[in-house]
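> Sequence:
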Amino acid sequence: MTESPDFLYQVEDDVVIPTSLTGGPWNPEIQHGGPISGILAHLVETVETPSPMRICRHTVELMRGVPIKPLHWTTETIREGRRLQVIQTSLHDEGKEIARSTSVKLRVAEESNPVDEERMSHEEDELPPFPDTATQLTTPGIGIPAFLRAVEIRLPREASWAGTPGLMWIRLTKPLVEGVKTSPFVNMAAVSDMLSMVAQYLDPKEWVTPNVDLTVSSFKDPEGEWIGLRGVHKNSKDGIGLSDAVLYDRNGRVGRGLATILIDPRQ
Numbered sequence: 016m017t018e019s020p021d022f023l024y025q026v027e028d029d030v031v032i033p034t035s036l037t038g039g040p041w042n043p044e045i046q047h048g049g050p051i052s053g054i055l056a057h058l059v060e061t062v063e064t065p066s067p068m069r070i071c072r073h074t075v076e077l078m079r080g081v082p083i084k085p086l087h088w089t090t091e092t093i094r095e096g097r098r099l100q101v102i103q104t105s106l107h108d109e110g111k112e113i114a115r116s117t118s119v120k121l122r123v124a125e126e127s128n129p130v131d132e133e134r135m136s137h138e139e140d141e142l143p144p145f146p147d148t149a150t151q152l153t154t155p156g157i158g159i160p161a162f163l164r165a166v167e168i169r170l171p172r173e174a175s176w177a178g179t180p181g182l183m184w185i186r187l188t189k190p191l192v193e194g195v196k197t198s199p200f201v202n203m204a205a206v207s208d209m210l211s212m213v214a215q216y217l218d219p220k221e222w223v224t225p226n227v228d229l230t231v232s233s234f235k236d237p238e239g240e241w242i243g244l245r246g247v248h249k250n251s252k253d254g255i256g257l258s259d260a261v262l263y264d265r266n267g268r269v270g271r272g273l274a275t276i277l278i279d280p281r282q
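Throughout, our numbering is defined as the position within the sequence shown, counted from one, plus 15.
It is possible that some hints are incorrect.
[Stated by the list, open to error] Below 25 Å or equal to it, Euclidean Cα-Cα: the simulated DSS-like pairs (lysine-lysine) are:
1. Lys196 <-> Lys220
2. Lys196 <-> Lys252
3. Lys189 <-> Lys84
4. Lys249 <-> Lys220
5. Lys220 <-> Lys252
6. Lys84 <-> Lys196
7. Lys235 <-> Lys189
[Unchecked claim] Computed spacing ranges between beta-carbons, pair by pair:
8. Val62 <-> Gln151: 32 to 40 Å
9. Val130 <-> Leu257: 28 to 36 Å
10. Asp140 <-> Arg98: 22 to 30 Å
11. Leu257 <-> Asp140: 18 to 26 Å
12. Asp29 <-> Val101: 16 to 24 Å
13. Asp140 <-> Arg186: 20 to 28 Å
The hints are simulated quantities; they were obtained by calculation from the structure and are not laboratory data. From the three backbone atoms N, C-alpha and C, an ideal C-beta is built for every residue, glycine too.
Sequences are here, hints too, so could you generate the full structure?
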């Protein structure tokens, strides 16, 4: 495995090879959900379409810990059409499916449709402030999770993981796949996994709060490297939570993300 990698994955035929930069916050031998979401979105984009299309919804299910080792991948076209394509993509470890995405591509219209900014406006559309300095996050027992060495994070000065609402700006600083320019949607799919932490208030020294899924929906591709996550966190007393965030680029709102959270006492 590369000691100081300049990318997160290599893709060779039907195998994806993660580098150490994919490591997560709960176990250094298990991948962070962000790279997993990103590589699945990348594989979806490699599937040819019958007409110009883009991904508008990407749902990832993390069925068990995804190890940092070569993994086989498969794609299946669930629905093929000139206006709609649905792709299911899976990662396999020793024959077991360990992560899966279901992604929807819609055709890109040849003619422009009406856009009424006034009628679509909503209070959540207001562009969040962009902090001027970077922040380095750490995890108890691990330090800086490896994936966070491949991103830059900016938080408001008053941010203290004290609860809802929360704000984070984040960008990838390294290519997701060796030799491939990271597309706008793949970039957003990879960093949006951090929405599960945007408004998290549970003390990480006492609780682990992994997300078991991620859904990213967008009405347009983001422009530029930076993705803003402004969100809320809710949880019940039985160890199940939900994180919900609006997604922005530096120009405005581009979509929304959701993640289901599993809450356990730290052992």
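> Give a verdict on every hint.
A quick look at each hint next to the structure:
1. About 37 Å separates the Cα atoms of Lys196 and Lys220, which puts this hinted pair outside 25 Å; it is violated.
2. A threshold of 25 Å between alpha carbons decides the hint, and for Lys196 with Lys252 the separation of about 43 Å lies outside it, so the pair is violated.
3. For the hint pairing Lys189 with Lys84, the CA-to-CA distance comes to about 19 Å; that is within 25 Å, so the pair holds.
4. Simply put, Lys249 and Lys220 have alpha-carbon atoms about 19 Å apart, close enough for the 25 Å limit, and the pair holds.
5. Taking the CA atoms of Lys220 and Lys252, the gap is about 18 Å. The hint holds against a cut of 25 Å.
6. Annotation: proposed proximity of Lys84 to Lys196 holds, straight-line Cα distance about 23 Å (limit 25 Å).
7. The suggested pairing of Lys235 with Lys189 holds, with an alpha-carbon distance near 23 Å, which does not exceed 25 Å.
8. Under the hint 32 to 40 Å, the C-beta atoms of Val62 and Gln151, about 37 Å apart, fit the expected range.
9. Hint check: Val130 to Leu257, Cβ distance near 31 Å, so the stated range 28 to 36 Å holds.
10. For the hinted restraint 22 to 30 Å between Asp140 and Arg98, the CB-CB distance of approximately 27 Å keeps it satisfied.
11. At about 22 Å, the beta-carbon gap between Leu257 and Asp140 stays in the expected band of 18 to 26 Å.
12. The supplied range of 16 to 24 Å is met by Asp29 and Val101, whose beta-carbon atoms lie about 21 Å from each other.
13. In this structure, Asp140 and Arg186 meet the distance hint of 20 to 28 Å, their C-beta atoms being roughly 21 Å apart.
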